[in-house]
Structure formats: structure tokens, C-alpha cells
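Using the sequences plus the hints, can you model the full thing?
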Amino acid sequence: MDHSRILNLDILEQVFLHTLPNELFVHPSLRAGPLLVSHVCSSWRQQVLATPALWRSLDIHVTRRGVKPPPEVIAAWLGRARNRPLRIRLSLPEKPGVEGWQNSEKAFRAVLPFHTQWERLELRLRMFLPMDVLDEIPYDALDKLQSLYITIPGTLLTAWPHLRRILDSAPNIERLGLEADLSEHLPPGSLPFAGIRILDVHNVALPVIDCLRLLEAAPALDSLMIRIAVADAPLSLPSVTHTTLKLLSVYSIALDADALFDAVTLPQLIDLTIICGHRIPPETTISFFARSRCALRRLHLCTPVDDAETLVRVLEPISATLEIFHLGLLCDDAMSMDALIERLIIRDDAQEVFCPRIHSILLGPGSKVKEETASALMDTRTRTVHAGVVKLEAALVHVQTVRDAPPR
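In this note's numbering, the protein residues as written are -8 to 399.
What the hints contain is simulated information worked out from the structure, not anything from laboratory work. Source: prediction; values computed, not measured. Where a beta carbon is used, it is the ideal one built from N, C-alpha and C, also for glycine. Errors might be hidden in some of the hints.
[What the hints assert, rightly or not] Simulated restraints, written as ranges between beta carbons of each label pair:
#1 Gly57 / Pro273: 52 to 62 Å
#2 Glu274 / Arg55: 47 to 57 Å
#3 Pro273 / Gln93: 51 to 61 Å
[To be verified] For lysine-lysine, the following DSS-like pairs were computed, each having C-alpha atoms within a straight-line distance of at most 27 Å:
#4 Lys97 / Lys86
#5 Lys59 / Lys97
#6 Lys237 / Lys135
#7 Lys97 / Lys135
#8 Lys382 / Lys237
#9 Lys135 / Lys59
#10 Lys382 / Lys361
#11 Lys382 / Lys359
#12 Lys86 / Lys59
If you want it as C-alpha cells, here you go:
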């Protein structure tokens, strides 16, 4: 350890930064992070205490016994970060009991003095942090805030004035996550989402019309996660074209989830997840892909489908670009996917290859494939080289052997 004394302090700082786990949020522990290194020797302790970058992240737990770490430790920890941007999360690792409200406010007020340094803030305290407490944040003082996640107590409409005040005070925010227990409507009027690039509201159930409002209000959006609420669908919906969205995740048990795909055009989409309890008509999906003309690379479907032949039709508009396909079927009896796998098999070098770039396929619960069909897929897409065709690197299918086959 004596040799560390002759190391340049800047070099020693880089050693710490590159060898310690780069966790997004650090919960104080003697077995990890800066506290572990600080107990090696006195010289390392001095260097760790003098390295602001090691103290810019903090995970704070609210429990029935209080706040961990306690407020005085929070102040000391974040104070060592000096003027560095801060990543802070307040969360509930357990049920906090009736003390949860008081302890949540203690935790929030412990980080409040550092509001001008907040870069990423997550308030995952559910009902235990009243939204009016957020009004204690000085207005127009969150220039460094880039990412915000809040679990909302009560309804979105009730919380909106307090949330709007924060968003108006954070001109550089790019990532926003909201969570609420009840189905909601977005508040009327304009939405301050112009600079948002990543929006996660999949824990706030919204009707289709409000999902379209989100797209219209966030022209810079790269990623959107939404949950469609069960609600009366309007007779007509506006057509929305979004020219920057690359990742879309849709969760729904609503019967009108397909209305979203009838209304949107997404030419830059490369990653799509649909988890839906009700069947989406194949014509809707096919029309969406054809209209968008997107170079989709990843598709994850967990929704009822008619049969494998229909699934092939759905994939045809994106066959040239698809790289990853995951399927989870919501059905009681396993459905044969032989027709899909047959299309992927290369029988002749002169044939037009279906999904030539696919390298990962997962056919999860609810599907089955005959043993000889699966074997042919492996032979032609993993063991044989074909010009212009990517080798299949991962394939997970339920193979139906002769023993599994139903009796005739």
C-alpha cells in the first residue's frame, strides 16, 4: 500500500473510477463502493474523500424504522460530490407502515438542498410522498435535471399542477417516467414534453386518444412505453406521424388497442413490443408496417394470433430487416409454428430468403414445432453459410417429438 503514496493523485482517481462498480444508484455499504475503498489505508481514504465523482450517486431507502442512510449521512455523502451532477433515488424496499409519510418527507428534504445539482432523480415512494411537498423545490432551478421518475399518489390530474411546475423548471429534461395506480386521462391543454426523448408511462393506463396526444406533444421522442386503458374509444382518431420514434412498447388489455396502430405512422421504428390480452387483427399490423415503411429490427409479440400462416403474413413487410423475433402466445393449447419455421428454412440457394438478417428467434409458451422442422432450421440457418444470410445465433422453440404428438 505504501506504493500508492507515490502515485499521481489523478491516476489514483482514475483507478478508483474504473475499478469500482459503476452503479447508477449506490446504497452506502462497507462492502461496496467508496466506503469499501476508503477502509484500505489512510492514504486511500484521503483520496476517496477528495474524489467528488465517487459520491455523486445515492440510493436512499425509506423504512418503518427511518431513513437509510440517515439525513446527516445523506448531507455528508452528497456534500463530498461538491458541484458534480447528482443521481439520487428514494425508494421503499419494504412496507414502511404508518411512519412512511413522515420518513419519506424527511428523506426528500435531506436531498432538497442539493436540487441545483440533480441530474437524475427517482422518487419511488408511491402514496407516501404527497405531491405538494415537491412545491418546496425553488422554481426555475433545475437546469441540470435530465431524468425524472415519479410514482404518483392519487390521480394524475390531482398531481399535475405540482408535476407541471417541476417540468417547467427543468428545461434540459430528456427522460421522464410516471407511475400511477389508476387509469387516467392526461390533463387538458398543452403538455411540456417537447424536449423529452425517453418517456415511460407504461404504469399509467391511458386511453388511445391520450397516447396519440403524447406522440404529438413529444416530437423529439426516441423511446415510448405506454399502457392502453380500457375506455370508450372515440368514433374517429387523428392520424399521427412521428418521425423520430425508434422504440415503442405497448401494454394493453383493452379491446381497442388496435386503434393505436390504425392511427400512427412510425417510419423510424426499429424496436416494437406488443403485450396485449386481446387479438389485434393481422390486417391492422400489416397495414401499420406497410404504411410506416420502417426498418424494424426487433419484434416482441405476446398476444393472441390466428395461426402460423397469419404470423408469416404479419412478418413479410419487415422480413428484410428483422433481426430478433420473440413470440409468446396467449392460448390454452400449444399452436403449431411449423409454417413459420418452414419459411425460415433455406431449401435452395436460389430461393428468396425469408428474414435473412434474423439471428435470434424465441417461440415461447403456447407454441410448438415438429422435431424434423426444427432440425432443418438448425441445419440451414446455423451450420451452413449462405451469401447475404446472417447465421442464427440463438433459437428457443418447443420441439414436438413423436412421443409428444397426440394419438391418431
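Consistency of the hints with the structure:
1. Gly57 / Pro273: 52 to 62 Å: 55 Å, holds
2. Glu274 / Arg55: 47 to 57 Å: Given about 54 Å between the Cβ atoms, the range holds.
3. Pro273 / Gln93: 51 to 61 Å: 54 Å Cβ-Cβ, so the 51 to 61 Å window holds.
4. Lys97 / Lys86: Cα-Cα ~17 Å, so holds.
5. Lys59 / Lys97: It holds: about 11 Å lies between the C-alpha atoms, which stays within 27 Å.
6. Lys237 / Lys135: Given that 27 Å is the threshold and the Cα spacing comes to 25 Å, the pair holds.
7. Lys97 / Lys135: 23 Å, holds
8. Lys382 / Lys237: 25 Å, holds
9. Lys135 / Lys59: With Cα atoms ~25 Å apart, Lys135 and Lys59 stay inside 27 Å; holds.
10. Lys382 / Lys361: 21 Å, holds
11. Lys382 / Lys359: 22 Å, holds
12. Lys86 / Lys59: With Cα atoms ~14 Å apart, Lys86 and Lys59 stay inside 27 Å; holds.
Hint check: no violations occur; every hint is consistent with the structure.
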